[in-house]
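Chains as they are written, first to last, in this note's numbering: chain Z, 1 to 423; chain E, 1 to 423; chain U, 1 to 423.
Any given hint could be a false lead.
Computed cross-link-like contacts, SDA-like style, restricted to lysine to any residue with a CA-CA straight-line distance of at most 25 Å [what the hints assert, rightly or not]: (1) Z:68 to Z:36; (2) U:421 to Z:343; (3) Z:403 to U:394; (4) U:415 to Z:267; (5) E:139 to E:115; (6) E:420 to Z:248; (7) E:24 to U:420; (8) Z:420 to E:248; (9) U:139 to U:78; (10) E:421 to Z:236; (11) Z:394 to E:416; (12) E:420 to U:232; (13) E:92 to E:119; (14) E:420 to Z:247; (15) E:117 to E:171; (16) Z:421 to E:226; (17) Z:15 to E:409; (18) Z:151 to Z:204; (19) U:196 to U:81; (20) Z:60 to Z:32; (21) E:180 to E:85; (22) U:274 to Z:414; (23) Z:143 to Z:1; (24) U:156 to U:140.
Pair by pair, the computed Cβ-Cβ distance ranges are [as the list claims (entries may be wrong)]: (25) Z:235 to E:251: 37 to 45 Å; (26) E:52 to Z:418: 42 to 50 Å; (27) Z:417 to U:235: 20 to 28 Å; (28) Z:418 to E:393: 37 to 45 Å; (29) U:183 to Z:417: 49 to 57 Å; (30) U:251 to E:234: 34 to 42 Å; (31) E:235 to Z:418: 24 to 32 Å; (32) E:393 to U:251: 56 to 64 Å; (33) Z:402 to E:129: 43 to 51 Å.
Treat the hints as calculated values from the structure; they're not laboratory data. Here a beta-carbon is modelled for each residue, glycine too, at the ideal position from N, C-alpha and C.
Read off the chains here:
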Amino acid sequence: MKVLLLAAGRSRRVKPIEDKNFLKFFGMTLIEHQLSRLERAGFKDILIIAGAHNIEQLKKIAKPFGAKVFEQKNLDDGMADAVLSVEKEVGKDDLFIVSSNDIVEVKAYESMKKALKSNADSYLLAYRVSEYFPGGYLKLSGKRITGIVEKPEPGKEPSEFINLVLHIHRKPAKLFAELKKVSSTRDDRYEVALDKLMKERNFEAVPYAGYWQPVKFPWHILDLLKYGLARTKRKIHKSAQIAKTAVINGPVVIEEGVKIFDHAMIQGPAYIGKNSVVANNALVRESMIGDRCVIGFSTEVARSFIGDDCWFHSNYVGDTVMGDDCSFGAGAICANLRLDEKDIGESGRNKLGPVLGSHIRVGVQTSLMPGIRIGSNTMITSGLTIAQDIEEGKFVSGKFEIKIEENRAKLDSGKREEMKKKL
Amino acid sequence: MKVLLLAAGRSRRVKPIEDKNFLKFFGMTLIEHQLSRLERAGFKDILIIAGAHNIEQLKKIAKPFGAKVFEQKNLDDGMADAVLSVEKEVGKDDLFIVSSNDIVEVKAYESMKKALKSNADSYLLAYRVSEYFPGGYLKLSGKRITGIVEKPEPGKEPSEFINLVLHIHRKPAKLFAELKKVSSTRDDRYEVALDKLMKERNFEAVPYAGYWQPVKFPWHILDLLKYGLARTKRKIHKSAQIAKTAVINGPVVIEEGVKIFDHAMIQGPAYIGKNSVVANNALVRESMIGDRCVIGFSTEVARSFIGDDCWFHSNYVGDTVMGDDCSFGAGAICANLRLDEKDIGESGRNKLGPVLGSHIRVGVQTSLMPGIRIGSNTMITSGLTIAQDIEEGKFVSGKFEIKIEENRAKLDSGKREEMKKKL
Amino acid sequence: MKVLLLAAGRSRRVKPIEDKNFLKFFGMTLIEHQLSRLERAGFKDILIIAGAHNIEQLKKIAKPFGAKVFEQKNLDDGMADAVLSVEKEVGKDDLFIVSSNDIVEVKAYESMKKALKSNADSYLLAYRVSEYFPGGYLKLSGKRITGIVEKPEPGKEPSEFINLVLHIHRKPAKLFAELKKVSSTRDDRYEVALDKLMKERNFEAVPYAGYWQPVKFPWHILDLLKYGLARTKRKIHKSAQIAKTAVINGPVVIEEGVKIFDHAMIQGPAYIGKNSVVANNALVRESMIGDRCVIGFSTEVARSFIGDDCWFHSNYVGDTVMGDDCSFGAGAICANLRLDEKDIGESGRNKLGPVLGSHIRVGVQTSLMPGIRIGSNTMITSGLTIAQDIEEGKFVSGKFEIKIEENRAKLDSGKREEMKKKL
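Just chain Z, same shape as in the assembly (with noise of 0.2 Å):
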């Protein structure tokens, strides 16, 4: 059998982020997590679909997995293009579809192994849904699936399973034909196979109640590292240098050469990179924090996701997402609640930061409002409001007027020695 990863999707929603393939949670990207839960439940023959502006980039992952490498050329087709680029690569072979845009477990993948025992001659994994999810319905009969309705009226869906891209087509020739046989300039060439193909032949569900997480906007990030979080167990290297007076508590992992100061606090569950240091008085907590940072004195980072070489400084970041190589100066802020406490924008969150990309810099004392979105290789300077979003490579200044008069103050020295006294 063949696995099919499809990862040659632009991650357009997810911006600022540039690919989410190659976030990297805990040490390894999105996508090398998605070859290892593939290669732990058994599946070995591995084919990556890309995109030309990842396709390098995924080679150099895919080699240790012994996965190849194929490019779809046009990115506008979706999955039939991506399908049909590998036909002669899968040739007879049984072929597993699997979009990198879906996070699941490992059991999802041993399912969909597992029912291969029937007589199917394909099989969806069918994601069930406690409450109304604008998706598409599996129509079930038994085990069969007669039909997918795309995003029902809430109350109109047909089961109570939703279609998450993990499909396999055993001897997928019809599967190759069909596609062949749509017209090209439609964009959901794969679905309409599918429906065709349904009528004729027998689709089965494979039912899942386990984690499954989209990876489609960035708050989507944030929902991701909270689930890995909650897996993850306290394990300190011990190469760690830890102060004594500094308070690690929970399930936190300290990667190599990470330095934590005096009266830091890191609060499990946590991640520190390799070579990271949180100084003095800074405070870490349900976050991951990339390597080769600087959560710098009395810096907040609180439910957060930072990448690699990001530099902090007395700064609050909560509920924020950013890439590599983002520098706060002292007093930058990344706000997350409105001061309605209303949902921030369409995350559904009432606690939302900024979003960042990477190589930004943020001068000092200025704060970034909830949910906006700054793009990669920005410079915003000190002391402004941000509310709203910046593109990439833009550098942003503020206009302060300010008015020099003659001081005609004067100080009374005697009043100092008063107030220490009450220090």
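Fit chains E and U to the known structure of chain Z by using the hints.
Below, chains E and U alone, put in the same frame as chain Z:
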């Protein structure tokens, strides 16, 4: 004897604090403290004069003390109307009139009680002042009060005693009669009647040199707090969870359900109300924190009165008074000292923060200047410097112009490694 | 031998620092350090050249060293006028001219002394440079100096030695005579005279490769501080009060009467002057703090020179130089790094904070940008970003427009309880 506790005042000068009677000091409202002090001094039969605005709440508070509540209809009419409204209830009993505006020690009430051994018709508490105070001075002939001089010129005080409203009138029928004679268009009918009666009857001064604190202006709340804190004895509820690295120093009361996180510090005298949290690296000193507050990471609260349900996060709150349900974004600051170190407004203090009502939200990085008043139900957005009073129910925002250009700066990735070595 | 210590310079380039001679390093002024080093090298007969602006203070300082102070009338006239003003006093003694602008080790003075064993007429300290320095290079013939080349083109230096003003002239009558011959309209009369004398007389180079630090620009103060701190040995005065949870790490000098509060940290090398307070959660590292300072709650002072009587409160102060009696409101920040991480001004450093004179007040939340100069007796109000030099005696304020509307937002009181669970 009936005690008439005057609590109908509308606390206009203490705005934006809504009703000083209900200010909770150390878990008990100011009016309950007063009722309790009267009870301890042996006064049992208490009539409370309320206004339409506070009668319901006063009734609830009165109940456990067995006190009765009467409504004063015409609040502009001052004490006369209040006294007359209980004429029937008092009947032939002696009448002890007590203002809720003046906080005195139990021994003041006890002195009044002891004074009754003599044969006078009325007794007025005579507060000994050591320096000029703009109030009503007693004209004395021995112990006998022959008149009251309102705000005499400094140096022309008839005695060193001023009149506080702790007045006992034996068989007050004459007082009632006299009050009715005075034209009802005047707002000083009680004072006019008293003046008349003093000529005919024996008014005795009851000297008192103990603690007295009027509660007219918001900063009086801080004065009262300081007095209360100075009498605090260390008491930590057994249910409180205090991290090992937290430091609790001196006379500190920590109530039920409080949590103190690592590296936090409470420097007594201080009071932390029920179920409040003092988070990592926070410092509370010489302050009262109400119930269910969160003193978040790296916040300092110094010499402040904080109501219930207030939330802070990396804030500085100094010499500040605030009601309930106020919440500050990270980095917001309550400034408490002028640059020229002069006294703030008419407070006579060079350290005074802002005064806040209830249900207020302040955005990240916003500063409230010394002595300003922020009305209840107000929201102030991020990054502002507020240097004026804000009425209640307002939404305050700023105007920020930012300039967005192409970022032409190039970063030298090597520099960070150098900087890290210097950490 | 008479030592002539030139201290009349007006320190213009070190502005807003008033007079570098009186900068206190580790409890002693720079000029006292110099006098002390001369004393240690065995020089006893010291004449200090002062200007009208600093003669009184220099006289006080000179006294315990037994040094005499002379006034140079014409400060624009450079060294010649200074030297001639002590002609009578020097008489037939040898003359050792030392500039207070150059800080060298005791061994430089000792080398000068030892050199006297030879038979030369004059001796000049010859500082060996390893890379190009825009100064006066010595033209040598063996040990003999035959001329001085001012700022030669790089690559055209006549030797690897530059001239520092540590010059001994034996029997200086000829020098005095020569100085008088040069036209008094020139400001380089001393140099012209020297050039002339070198042709006729034997000038010997005294090689020196030890520490040399000119003090021309404010950042030189930080260079000097770094040098001094590197030589610090741990010494904690017995009267200092240090909280149990405070951490004092490495070579730290803590003077008499200092108080260090809980969870504070001093990371050596560092110096804390007499009667200063390092409050809760503050961090001082690689810095010198003057006397009677208050390093308030959660302040970080890093690699900075702080004069006497300075107050901080939740500030970041990095790579900053400030005089006496400067006070920062909560949250004010001394920025020390450009967003593009380039060198700051002409300092050759990529980390440099602002430079402040004395008697300065900075409001809450105000940021001072890297490398700017703030003159003495200046006040800067709250919430500003100051990106330009400010002259002395100014009052700097901002213009904030706020918009006040009715608050139409409704708060959902239930949300807070949910949020609290996530703390």
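Consistency of the hints with the structure:
For the hint pairing residue 68 of chain Z with residue 36 of chain Z, the CA-to-CA distance comes to about 15 Å; that is within 25 Å, so the pair holds. A hinted pair counts as satisfied when its Cα atoms are at most 25 Å apart, and residue 421 of chain U with residue 343 of chain Z qualifies at roughly 18 Å. Our distance criterion of 25 Å between C-alpha atoms is met by residue 403 of chain Z and residue 394 of chain U, whose separation comes to about 10 Å. Taking the CA atoms of residue 415 of chain U and residue 267 of chain Z, the gap is near 23 Å; set against the 25 Å cutoff, the hint holds.
Distance restraint check for residue 139 of chain E and residue 115 of chain E: the Cα-Cα separation of roughly 19 Å lies within the 25 Å cut-off, and the hinted pair is therefore satisfied. Among the hinted pairs, residue 420 of chain E with residue 248 of chain Z is consistent with the structure: their alpha-carbon atoms are about 23 Å apart, no more than 25 Å. Distance restraint check for residue 24 of chain E and residue 420 of chain U: the Cα-Cα separation of roughly 22 Å lies within the 25 Å cut-off, and the hinted pair is therefore satisfied. Between residue 420 of chain Z and residue 248 of chain E, the direct Cα distance comes to roughly 21 Å. Compliance with the 25 Å bound is thereby established for this hinted pair.
Restraint check: the Cα-Cα separation between residue 139 of chain U and residue 78 of chain U comes to about 23 Å, which is no more than 25 Å; the hinted pair holds. A distance of roughly 23 Å separates the Cα atoms of residue 421 of chain E and residue 236 of chain Z; the hinted pair therefore holds under the 25 Å criterion. Proposed proximity of residue 394 of chain Z and residue 416 of chain E is supported: the alpha carbons are some 21 Å apart, at most 25 Å. In summary, the hint linking residue 420 of chain E to residue 232 of chain U is supported, as the alpha carbons are separated by about 23 Å, within the 25 Å threshold.
In summary, the hint linking residue 92 of chain E to residue 119 of chain E is supported, as the alpha carbons are separated by about 17 Å, within the 25 Å threshold. Taking the CA atoms of residue 420 of chain E and residue 247 of chain Z, the gap is about 23 Å. The hint holds against a cut of 25 Å. Of the supplied pair hints, the one linking residue 117 of chain E and residue 171 of chain E holds, its CA atoms being roughly 15 Å apart against a limit of 25 Å. Between the alpha carbons of residue 421 of chain Z and residue 226 of chain E the distance comes to roughly 15 Å, so the proposed pair stays at or under 25 Å and holds.
Between residue 15 of chain Z and residue 409 of chain E the CA atoms are separated by roughly 22 Å; this keeps the pair inside 25 Å, and the hint holds. Annotation: proposed proximity of residue 151 of chain Z to residue 204 of chain Z holds, straight-line Cα distance about 21 Å (limit 25 Å). Pair hint residue 196 of chain U plus residue 81 of chain U holds up; C-alpha atoms about 17 Å apart against a cutoff of 25 Å. Annotation: proposed proximity of residue 60 of chain Z to residue 32 of chain Z holds, straight-line Cα distance about 11 Å (limit 25 Å).
A threshold of 25 Å between alpha carbons decides the hint, and for residue 180 of chain E with residue 85 of chain E the separation of about 12 Å falls inside it, so the pair holds. Restraint check for residue 274 of chain U and residue 414 of chain Z: satisfied, since their Cα atoms lie roughly 18 Å apart, inside the 25 Å limit. A threshold of 25 Å between alpha carbons decides the hint, and for residue 143 of chain Z with residue 1 of chain Z the separation of about 23 Å falls inside it, so the pair holds. For the hint linking residue 156 of chain U to residue 140 of chain U, the alpha-carbon distance of about 14 Å falls within 25 Å, and the restraint holds.
Distance hint check: the CB atoms of residue 235 of chain Z and residue 251 of chain E are about 43 Å apart, consistent with the given range 37 to 45 Å. The given range of 42 to 50 Å is respected by residue 52 of chain E and residue 418 of chain Z, whose C-beta atoms sit roughly 45 Å from each other. Separation of residue 417 of chain Z from residue 235 of chain U is about 27 Å and conforms to the stated range, judged on CB atoms against 20 to 28 Å. At about 39 Å, the beta-carbon gap between residue 418 of chain Z and residue 393 of chain E stays in the expected band of 37 to 45 Å.
At roughly 55 Å, the beta-carbon separation of residue 183 of chain U and residue 417 of chain Z lies within the given 49 to 57 Å, and the hint holds. Range check, residue 251 of chain U to residue 234 of chain E: Cβ separation about 38 Å, and the 34 to 42 Å hint holds. Residue 235 of chain E and residue 418 of chain Z have their C-beta atoms about 31 Å apart, which keeps the hinted 24 to 32 Å range intact. For the hinted restraint 56 to 64 Å between residue 393 of chain E and residue 251 of chain U, the CB-CB distance of approximately 58 Å keeps it satisfied.
Taken as a hint, the range 43 to 51 Å holds for the pair residue 402 of chain Z and residue 129 of chain E, whose Cβ atoms sit roughly 47 Å apart.
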